[in-house]
Amino acid sequence: MRDVAVIGIGMTKWGELWEKSLRTIFVESALLALEDAGVDRLDSMIVGCMSSGLFVGQEHLASLLPDYLGRNPIPAARVESACASGGLALRQGFIEVASGISDVVLVGGVEKMTDVTGCEATFALGTAADQEYEGFHGLTFPGLYAMMAVAHMHKYGTTRRQLAMVAAKNHENGSKNPLAQYPFKVSVDAVLNSVLVADPLRILDCSPITDGAAAVILAPVEMAKSLKKPVVRIAGSGHATDTISLSSRRDMTWIESTHKAAQKALAMAGRKIGDIDFFEVHDCFTIAEIMVTEALGIVEKGKGGRAIEEGLTALGGKAPVNPSGGLKAKGHPVGATGVAQAVEAVKQLRGEAGERQVQNARRGLTQNMGGTGGSSLVHVFEAM
Amino acid sequence: MPNPAKSWREIPQRYRLEAGKCTNCGYVAFPPRLICPQCKNREFAPMKLAAAGKLLTHTIIRVAPGSFEDQAPYAVGIAELDDNVRLTAQVVDCDFAKLKVGMRVRLEFRRVNEEGAAGVIYYGYKFVPE
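Order-wise, the sequence lines are chains A and B.
Under the working numbering, think of the first position of the first sequence as 1, with each following residue one higher.
Under the working numbering, think of the first position of the second sequence as 1, with each following residue one higher.
Bound-form chain A, shown alone:
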């Protein structure tokens, strides 16, 4: 297996981009990544997208996107694992370069979510759950995570205020990210007083509906060394699955797929969780970040709530989580999220993160999950 580096990154401002189509937002980010890499050549591309069919009525992105990027006839694939589609695209691109099948691979993520109404978007996102045995009963994604929150609060004493502190922290970080959909601070009280979506989760506990894309260019480390940018290596890649329905899990307060994927990624990198300097994780809802910090092993089971209170995961803390602002402030165009996490990891490791730079960052970890944890991808990045 060859060592794989990220040689280029690209991401544009996220938000409600009514003037731009899916193909446009994808190509903008892809061109930025190609310019950043400074290479002309592209052997192949893999794009994560959850549901272009339901959001814009368009499938066959594996033809549309290389076409509008002006790269026909290169091979292209679109991969889907709900909200983990971007992370999955990264892993497939990593495998393609590591195996020697391709040298220069573009990994993209895209979701165009505002062409439909809020109700239609809620339905489209709901298809990441078991449609016949969860969606059938009127469950939504906020509803599923709300039930995980109720179980976590009941078992470990996690408080409503601790959930709100996750949102406040991520907005604090996001206020330093000019590409974020909501680059402003939100107070704990504002979260606690925002409108209920699925009790106990309120609107400011939820990541937003976002149009956005992100792209990275992967190449063998040997090739990366001949380029101008600092070399960032993908040291580990882990992937695991779990049951699609929440009720099938023996423990609703624990995300086993993330735990397993992290173990695999860290083993491949030859690192322990304590060796990691910062984390970009899947905070689709505030409770998710608390549960993910536990599943990754940053804190013990049940201690995720206390960790946020003690500032462990703040930008200046011992284990900064979501310096980019996370899904909460940066936005969550579902298929793009996993790739945007990689973009942030590379920015941090190159020392290009500006005001939100994690000091002396040498190693970063990204965690991207689908549904309620039915699939998870974890990657470890290292500056060389």
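Since the hints were derived computationally from the structure, they do not count as laboratory data.
Quick caveat: nothing in here was measured; it's all calculated off a predicted structure.
Ideal placement from N, C-alpha and C gives every residue a C-beta, glycine not left out.
Be a bit skeptical, because a hint or two may be false.
[Stated by the list, open to error] Covered stretches of chain A, as calculated for chain B (at least 3 residues, CB under 8 Å):
id : segment
1  : 224-238
2  : 295-305
[Said to hold, decoys possible] Each computed DSS-like pair below joins lysine-lysine, with the alpha-carbon atoms no more than 25 Å apart:
id : chain 1 : residue 1 : chain 2 : residue 2
3  : A       : Lys176    : A       : Lys13
4  : A       : Lys318    : A       : Lys176
5  : A       : Lys303    : B       : Lys98
6  : A       : Lys303    : A       : Lys318
7  : A       : Lys155    : A       : Lys303
8  : A       : Lys229    : A       : Lys176
9  : B       : Lys100    : A       : Lys301
10 : B       : Lys98     : A       : Lys155
11 : A       : Lys155    : A       : Lys301
12 : A       : Lys155    : B       : Lys54
13 : B       : Lys40     : A       : Lys260
14 : A       : Lys155    : B       : Lys100
Assemble the complex: chain A is given as a structure, and chain B must be docked to it using the hints.
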């Protein structure tokens, strides 16, 4: 509108709570499965789920997907039935303020949703406080 077969084929589970019990390890599959996720056995004996259990978690859906908009707000929960099988369903005939982890519920056959004026009416199970 989807082919009515989409809901018709789920009738044994949704109307009659029919599950499959692995003849080798005892794992209960609901809905029924072709292969046991625990021991990979492919034989299941038909069984009916217990009719009552206790609520493990719950929420109140206030922002609903399109086809449930007219029902919002409504409560949903996951219960562990008396045979240890876990099930997701709406919790009805219940004051929202009384929803509690550990509360006893029984399963009742109810109307769940309908596809507009001319489509299929979906029936299934819901939780009702005991």
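Below or equal to 25 Å on CA atoms is what counts here, so check Lys155 of chain A against Lys303 of chain A. holds (11 Å)
Lys155 of chain A and Lys301 of chain A: Cα distance at most 25 Å? holds (11 Å)
Holds or violated: are the alpha carbons of Lys155 of chain A and Lys100 of chain B at most 25 Å from each other? Roughly 13 Å separates the two Cα atoms, so the pair holds.
Restraint status (C-alpha distance of Lys303 of chain A to Lys98 of chain B at most 25 Å): Judged against 25 Å, a Cα distance of about 28 Å means the pair is violated.
Distance restraint between Lys155 of chain A and Lys54 of chain B, which requires alpha-carbon spacing of 25 Å or less: Satisfied, since the Cα-Cα distance of roughly 16 Å is no more than 25 Å.
Is the hinted pair Lys40 of chain B and Lys260 of chain A satisfied, with a Cα-Cα distance of at most 25 Å? Distance ~21 Å between Lys40 of chain B and Lys260 of chain A Cα, so the pair holds.
Hinted pair, alpha-carbon criterion (25 Å max): Lys229 of chain A, Lys176 of chain A. Please report holds or violated. Roughly 23 Å separates the two Cα atoms, so the pair holds.
Within the assertion that chain B covers the segment 295-305 of chain A, do at least three residues meet a Cβ-to-Cβ distance smaller than 8 Å? Three-residue rule not met by the segment 295-305 of chain A, so violated; n is 0.
Given the hinted pair Lys318 of chain A and Lys176 of chain A, is their Cα-Cα distance within 25 Å? holds (19 Å)
Lys98 of chain B paired with Lys155 of chain A [C-alpha distance capped at 25 Å]: holds (19 Å)
Holds or violated: Lys100 of chain B and Lys301 of chain A, Cα atoms, limit 25 Å. Given that 25 Å is the threshold and the Cα spacing comes to 23 Å, the pair holds.
Please work out if Lys303 of chain A and Lys318 of chain A have their alpha carbons no farther apart than 25 Å. holds (15 Å)
Consistency note: the structure conflicts with the earlier hints numbered 1, 2 and 5.
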